[in-house]
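As they're listed, the protein sequences go chains A and B. Everything in the first sequence is counted per this note's numbering, starting at 1 for the first residue and increasing by one. Everything in the second sequence is counted per this note's numbering, starting at 256 for the first residue and increasing by one.
No wet-lab data here; the hints were simulated from the structure. Don't be surprised by glycine CBs; every beta carbon is placed ideally from N, CA and C. It is possible that part of the hints are untrue.
[Said to hold, decoys possible] Example chain B residues on the side facing chain A (calculated, C-beta under 8 angstroms, incomplete): (1) Thr318; (2) Arg322; (3) Gly342; (4) Tyr344; (5) Asn356; (6) Thr361; (7) Phe371; (8) Pro372; (9) His376.
[Unchecked claim] Residues on chain B that point at chain A, a partial pick, calculated with CB under 8 angstroms: (10) Gln320; (11) Arg347; (12) Phe354; (13) Leu379; (14) Glu381.
[As the list claims (entries may be wrong)] Taking lysine to any residue pairs in the SDA-like style, the calculated list, with each CA pair at most 25 angstroms apart, reads: (15) Lys17(A) / Arg322(B); (16) Lys427(B) / His220(A); (17) Lys310(B) / Thr124(A); (18) Lys310(B) / Ala123(A); (19) Lys298(B) / Phe24(A); (20) Lys17(A) / Gln280(B); (21) Lys298(B) / Val222(A); (22) Lys310(B) / Ser128(A); (23) Lys17(A) / Pro305(B); (24) Lys17(A) / Gly283(B); (25) Lys310(B) / Glu131(A); (26) Lys427(B) / Glu131(A); (27) Lys427(B) / Thr224(A); (28) Lys17(A) / Gln320(B); (29) Lys310(B) / Ala134(A); (30) Lys427(B) / Asp136(A); (31) Lys298(B) / Thr25(A); (32) Lys17(A) / Lys427(B); (33) Lys17(A) / Ile281(B); (34) Lys310(B) / Ala225(A); (35) Lys427(B) / Leu120(A); (36) Lys427(B) / Val222(A); (37) Lys17(A) / Lys310(B).
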Amino acid sequence: MSFLPELASNGRGLIEKWGRFTLFTGRLFAVTPRALLRPGLLIEQVYNTGALSLVIVMLSGLFVGMVLGLQGYDLLRRFGSTESLGSAVALGLLRELGPVVTALLFAGRAGTALTSEIGLMSATDQLSAMEMMAVDPVRRVCAPRFIGGVIAMPLLAAIFSAIGIFGGQLVGVTLMGVDAGQFWSQMRGAVELRDITEGVIKSGAFGLACSAIAVFEGYHAVPTAEGVGRATTRTVVTSSVAVLVLDYMITALLL
Amino acid sequence: MASVPERPATAAAGCIARLDGVGYQIGGRTVFDGLDIAIERGKVTAIMGPSGTGKTTLLRLITGQIRASRGRVEVDGEDLGGLDTDGLYRLRRRMGMLFQNGALLTDLDVYENVAFPLREHTRLPEALVARIVLMKLQAVGLRGAARLMPAELSGGMARRVALARAIVMDPKLLIYDEPFAGLDPIAMGVVLRLIRSTNDALGLTSIVVSHDVQEIGLLADRAYLLSAGRVAAAGTPATLAADPAPAVRQFMGGEADGPVPFHYPAPDYAEQLLGAEVPT
């Protein structure tokens, strides 16, 4: 019969954590203007979260695009409209797969790096040392990493989509023999500005969510080896779920 | 002949930090219960005590990282209980702290670590930053290590860099958390001499938390021995060494058993062995 109290305590823990997350995100936004005054720190973090994620994002983009090309070709052939392959690949990538897969990769590559870095700084007293030097660690450590992630995420998603379209073209046109002219002209005809906007909005929202979660988990990690490990795992799990939930919500809002 | 009246106000003015009747509880456990400590200006004061008596907690109270449950903590004339975050940060610019392992920022080299407080709090031209940093590094003997990364430093060197960083803003109060822990005898001697010379040359006040009785005997002007949430003894290291109270004698003499028991509380030995019950 300990089920109900346990459920209640778990629920309370969840609400408490949500509250802490909200307060922390508020603090992040509050110190963001001052963090923006240090472009050097931001560029470093855009490099860390963005540039260092490029290889994995580009490679994944290429293969996701190639799979889309294959699957799309097979599906469209049944309806005799393989010439629509270009628009199918582009719309799928720009509106959905680009932002979502990039965000999942971002959570795994950049998010975990952020969490473990901040968690280890906390475990080795570096954050306390900053506080003792009258430097707010949220402003000096968390905010630049958060902003860096928010800037990097839409850029990565755009690169992912571009490479993905190239991959789709590679399979559809070069391998399966879809007419190149039709592939590109159908794509140009079908893709509207609002499709691009949807992708940008999504990747921006995912960037906010993933970066905030990663920084939050790192900052609040139990300052031990085990604690940092757990926090890193939580970053991936929470970010991934958040991305998928947000994806549905934004899609529903924008349709 | 009029007798000279006692002037406690003067004594208070000679203190940079005071704890009056400070109590601190965490998670239902009482760490401190009526702690009175006065840190005199210009002196090296040691805080000693067995592990787990809350020495580090005491430092966190003095630096305002945590707040006392009751009583009053006063540092450099300011009551910590009444300070907001900005006030606390202003006060901390007058303090320097050395963490147990140096707590250097691992993504910056030695030079940038020492320059960090200057870059965060001042807008000094680069040439001046360089001069200040090199002077502080020279003072700890590590000017030649300016471009090494923290991972390339030994434990003693890391602590010396941390000392240079702690004094770069010319604080009034310098706090050391276990500065001798895990150092070889040579490094220990170096750190010991540096703490003393820094204190005297810069006219600072130093608080050293440690349980190294010998080193404290050589270094400190005054020492407090904490035990069970209170001050068990206070005075010069020599008076402490001669103190007959069992708790003080056990600590200063390094005896295994005494008021701090060797055995963690357990059920009766014979009963448990005979019953051969597995500890639950």
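Against the structure, the hints come out as follows:
1. Look at Thr318(B): its Cβ gets to within about 6 angstroms of chain A, closer than 8 angstroms, so that hint holds up.
2. Here the hint on Arg322(B) is broken, as its CB sits about 14 angstroms from the closest CB of chain A, past 8 angstroms.
3. With a least beta-carbon distance of about 11 angstroms to chain A, the hint placing Gly342(B) at the interface is violated under the 8 angstroms criterion.
4. For the restraint placing Tyr344(B) at the interface with chain A, the shortest Cβ-Cβ distance is roughly 4 angstroms, inside the 8 angstroms limit, so the hint holds.
5. At its closest, the beta carbon of Asn356(B) sits 7 angstroms from a beta carbon of chain A; the interface hint therefore holds under the 8 angstroms criterion.
6. The restraint placing Thr361(B) at the interface with chain A holds, with a minimum CB-CB distance near 7 angstroms, inside the 8 angstroms limit.
7. The criterion of a C-beta within 8 angstroms of any C-beta in chain A is met by Phe371(B), whose closest approach is roughly 7 angstroms, and the hint holds.
8. Taking 8 angstroms as the C-beta contact cut-off toward chain A, the hint placing Pro372(B) at the interface holds, the least distance being around 5 angstroms.
9. Given the 8 angstroms rule on beta carbons, the hint for His376(B) holds: about 7 angstroms separates it from the nearest Cβ of chain A.
10. With a least beta-carbon distance of about 7 angstroms to chain A, the hint placing Gln320(B) at the interface is held under the 8 angstroms criterion.
11. Satisfaction of the interface hint for Arg347(B) is found here, the shortest Cβ-Cβ separation to chain A being roughly 4 angstroms, below the 8 angstroms cut-off.
12. With 8 angstroms as the threshold, the beta carbon of Phe354(B) comes within range of chain A, its nearest partner Cβ sitting at about 4 angstroms, so the hint holds.
13. Annotation: interface hint on Leu379(B) violated; nearest CB of chain A at approximately 16 angstroms, more than 8 angstroms.
14. Because the closest C-beta pair between Glu381(B) and chain A is about 13 angstroms apart, greater than 8 angstroms, the hint is violated.
15. Between Lys17(A) and Arg322(B), the direct Cα distance comes to roughly 23 angstroms. Compliance with the 25 angstroms bound is thereby established for this hinted pair.
16. For the proposed pair Lys427(B) and His220(A), the alpha carbon gap of about 32 angstroms is over 25 angstroms, so the pair is violated.
17. The hinted pair formed by Lys310(B) and Thr124(A) meets the criterion: a straight-line CA distance of about 18 angstroms does not exceed 25 angstroms.
18. Our distance criterion of 25 angstroms between C-alpha atoms is met by Lys310(B) and Ala123(A), whose separation comes to about 19 angstroms.
19. With a CA separation close to 41 angstroms, the supplied pair Lys298(B) and Phe24(A) exceeds the 25 angstroms bound.
20. A C-alpha spacing of about 24 angstroms is found between Lys17(A) and Gln280(B), which places the hinted pair at or below 25 angstroms, so the restraint holds.
21. Proposed proximity of Lys298(B) and Val222(A) is contradicted: the alpha carbons are some 36 angstroms apart, above 25 angstroms.
22. Our distance criterion of 25 angstroms between C-alpha atoms is met by Lys310(B) and Ser128(A), whose separation comes to about 16 angstroms.
23. Straight-line distance between C-alpha atoms of Lys17(A) and Pro305(B) comes to about 36 angstroms, which puts the hinted pair past the 25 angstroms bound.
24. For the suggested pair Lys17(A) and Gly283(B), the alpha carbons sit about 22 angstroms apart, so the restraint of at most 25 angstroms is met.
25. Under the criterion of a C-alpha separation no larger than 25 angstroms, the hint pairing Lys310(B) with Glu131(A) is consistent with the structure, at around 19 angstroms.
26. For a cut-off of 25 angstroms, the pair hint linking Lys427(B) to Glu131(A) stands: about 17 angstroms separates their Cα positions.
27. With a CA separation close to 33 angstroms, the supplied pair Lys427(B) and Thr224(A) exceeds the 25 angstroms bound.
28. Annotation: proposed proximity of Lys17(A) to Gln320(B) holds, straight-line Cα distance about 22 angstroms (limit 25 angstroms).
29. Under the criterion of a C-alpha separation no larger than 25 angstroms, the hint pairing Lys310(B) with Ala134(A) is consistent with the structure, at around 22 angstroms.
30. Restraint check for Lys427(B) and Asp136(A): satisfied, since their Cα atoms lie roughly 21 angstroms apart, inside the 25 angstroms limit.
31. At roughly 44 angstroms between alpha-carbon atoms, Lys298(B) and Thr25(A) are farther apart than 25 angstroms, so this suggested pair is violated.
32. For the suggested pair Lys17(A) and Lys427(B), the alpha carbons sit about 39 angstroms apart, so the restraint of at most 25 angstroms is broken.
33. Taken as a hint, the Lys17(A) and Ile281(B) pair is honoured in the structure, with Cα atoms around 21 angstroms apart against an allowance of 25 angstroms.
34. Of the pairs offered as hints, the one joining Lys310(B) and Ala225(A) holds, with about 24 angstroms between alpha carbons and a cut-off of 25 angstroms not exceeded.
35. Between Lys427(B) and Leu120(A) the CA atoms are separated by roughly 30 angstroms; this puts the pair beyond 25 angstroms, and the hint is violated.
36. A threshold of 25 angstroms between alpha carbons decides the hint, and for Lys427(B) with Val222(A) the separation of about 33 angstroms lies outside it, so the pair is violated.
37. Between the alpha carbons of Lys17(A) and Lys310(B) the distance comes to roughly 31 angstroms, so the proposed pair goes past 25 angstroms and is violated.
Violation of the numbered hints given earlier is confined to hints 2, 3, 13, 14, 16, 19, 21, 23, 27, 31, 32, 35, 36 and 37; the remaining hints are satisfied by the structure.
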